[in-house]
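Residue numbers (the UniProt record's numbering), protein chains in the order written: chain D, 1 to 483; chain P, 1 to 321.
Among the hints, erroneous ones may be present.
[Claimed, not checked] Simulated pairs of lysine-lysine, DSS-like, Cα-Cα distance not exceeding 25 Å: (1) Lys3(P) / Lys25(D); (2) Lys146(D) / Lys122(D); (3) Lys316(P) / Lys450(D); (4) Lys206(P) / Lys450(D); (5) Lys191(D) / Lys173(P); (6) Lys7(P) / Lys452(D).
[Claimed, not checked] A few chain P residues that face chain D, going by a derived Cβ cut-off under 7 Å, partial list only: (7) Asn57; (8) Ile194; (9) Gly195; (10) Leu197; (11) Phe203; (12) Ile292.
Simulated from the structure, these hints should not be mistaken for laboratory data. Here a beta-carbon is modelled for each residue, glycine too, at the ideal position from N, C-alpha and C.
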Amino acid sequence: MLFNSLEFFVFLIVVYLLHWIILRKSLKFQNILLLLASYFFYGLWDWRFLSLILLSTIVDYYVGIQIFSSSKASVKKAWLLVSVIFNIGLLGFFKYYNFFIDSWVDLVAMLGYNITNTWTLKVILPVGISFYTFQTMSYSLDIYYKKLKPTIHFLSFATFVSFFPQLVAGPIERASNLLSQIDSKRDFNYKQQVDGIKLIVWGLFKKVVIADAVAPIVDDIFSNYQNYSSSTLVLGAIFFGFQIYGDFSGYSDIAIGTAKLFGVELMSNFKFPFFSRNIAEFWRRWHISLSSWFQAYVYIPLGGSRQSKVITIRNVLIVFLISGFWHGANWTFVVWGLLHALFFIPVLLLGKNNTYKTGIIAQNTLLPSVKELLKVCYVFSLVTLSWVFFRAESIKDAFGYLYRIFGNFSFEAYLHPSGYRMIDYYVLILVFVLYEYVIRKNERAPFQFKNKFLRFFVYAVVVFAMLLFYDSGVDRSFIYFQF
Amino acid sequence: MVKLLFKTGVYIILILICLELFVRVLHLGKDNPSRFVDALKVEKWKPNQTGFSVTGNRRQNFSEYHINNSGFNSYREYTPSYDRVEVALVGDSFIQGFHQDYYNSLGKKIENNMNNNVDVYEYGYAGYDFADQIHLVNAYKEDFDKIDHVILGLRYRDDLLRGDYKVVNDRMKLEAPLYQNLRKIKLLGYASNIGILDPVKKFPGKIISFFKNKKGSGAEKKKTNQVDNHARYLKNFKSLISRYGYDKSRFVLLISVSETPPFFMDYLKDNNFEYIDFGAVLNKSKTPTTLIYDQHWNNHGRTLIAQSISDYLIKKINTPH
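Chain D on its own, in the form it takes in the complex (with noise of 0.2 Å):
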């Protein structure tokens, strides 16, 4: 069930009078109510992985409690050890298992050596099972680290766990954050919905309008590459960055506005990251849950930048390295971390990356400075290119690619693979960027004018391009549900 679907609104509508109207009153029956909720949008999709996310539920759940209860540190450490084993495991074994099986068989013919290959099994991928993994884990971690108090009532945390809004592709909470929402009692804010309403509303912009409407063409450009020109390749790795942006952060924006109807915040997962003015701000506003979850469990564990310049460099590598990994089973994730630590790296032994921490470009002004402006240039030049290696299938297409562009620059008008007019992408781009400027300064609410006309023209003009786009030959699922 998509997000981007007739039966998620119904759904959508169901559970929220139920919610709200019969079960008001009790935060028991909402939780009940959530949780089957949950699994039902889960078991939509395959009801057979319902048994991983309650096994990872039961795991988490009872490892909290034996951290928090032992008295011994190598007690607690044991126990930890048993819910970061359980959770890699899972992930492990259902997204990388025949991964690692292909590359070792790869790397023993490179040594001549031919193997039959008959390990690798037909794997079905979980939907959203790096996201929930990582969930639960921060769980048990956070108990390890005395940052919290594990729940007794199974029942909150089974639905912190499996909470449909963020379920199957984050943002990835922390129970600090959430479970202390679901065991509260909620009560009905009006400004909270309709701020959530809103927020679904830009989200479904983004996907519909922007991510759907460019991806036939990214899809066709990176499909024939050797076909096209170096322009054309330049234009399909920046569309493909808004294709991403406007997917994964449209998803992200439908997912907190969906909370917000439970009266739940969840945090930001994207504060307009095009707009950074080095890669360090980059990855303060990109995709920033599962950032900050490397930051807080794997880059300070290490010792973050607090030892020497050798160890630092180190952990941004491991960070970077595991982050792009996270994102998939294959060695262009790998290169696409690579290449943002490679970015990051020079930011940090420079001492910059903490200079854009707060604020963001034109902070105080009207327009951005020349300087500010050329910065934001660089930075979407370096994430562009690294995103050739996000989208392509396979490295060697990958350098191909970029060597299509570098080798021998070349200029030819590109044509839609439907024959759709492409000034119509080029404008709904440029006024996209523009209007991302003009909001700049709060994700959270993407039709803050004070004027109600206005306001209501905006709404209007947003429902309208969403009907000027829609493609029903266009497959709506989400990017990151593959993750």
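Following the hints, position chain P against chain D.
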């Protein structure tokens, strides 16, 4: 809660009104001509209507139609005579040609190819099957007897579902006041046209199949059905031509051979039915021959087909009887 539901409802209504305005101002929705059944029980468009047909989102295809006195989309009036060489194109929406300006239609292209030495009358109407076509030719026998060449479009998989002609009431229901009023909502027409309402239309079926968990028929059953269909289609074809008449010296079928089963092609050949294979030229084309949003022929497709028909006519006219 009540305030939220009320305000959401008000906003939805206001936004829908705005969208209707946008669709009208930008002319994104298509115009809908009225249809009727004449005294000879032929379904056609009400004469003398003009409007614009729009296909796809963002007006991917925008064309003007003009319904003539005879009730068909054409730049000319139909006045068959024995003095001139006249050609009738009879068929469904492909011949009707709402997807192209009426003054640049398939018929006009044929006339241009033939240096305006022939008059082409286009009897195209969306949804016409072979029964509709052959009934039309029979109902207006006096006119069609004066026409030198009658080209009947035949799409095997759709056009031979019945062996007798009856007015299609489902199509005529679209003239009911409810549908006429719904058509006035241009937003609805546009949304339906681009497929955004498809999930809504399919939703009840999805719910039913979710609870019933209906299993589809097996491949074997499908194969048996196909054999049954072939026999039925051939029977229908034979029934229609024996009931309404078919002048093999003047009538020719416009067929895509690649989409027609070999046994039917063999039957046509064995029984001396002439045909023009438009599929061959379309399949050879390296540039698209259909529109983006649907499978109707685009300008290039029409040009290719017009050339095929013109070649046939030139050959036919130059061949002594």
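**Q.** Hints violated by the structure (numbers, ascending)
**A.** Of the numbered hints given earlier, those the structure breaks are 2, 3, 4, 5 and 10, listed in rising order.
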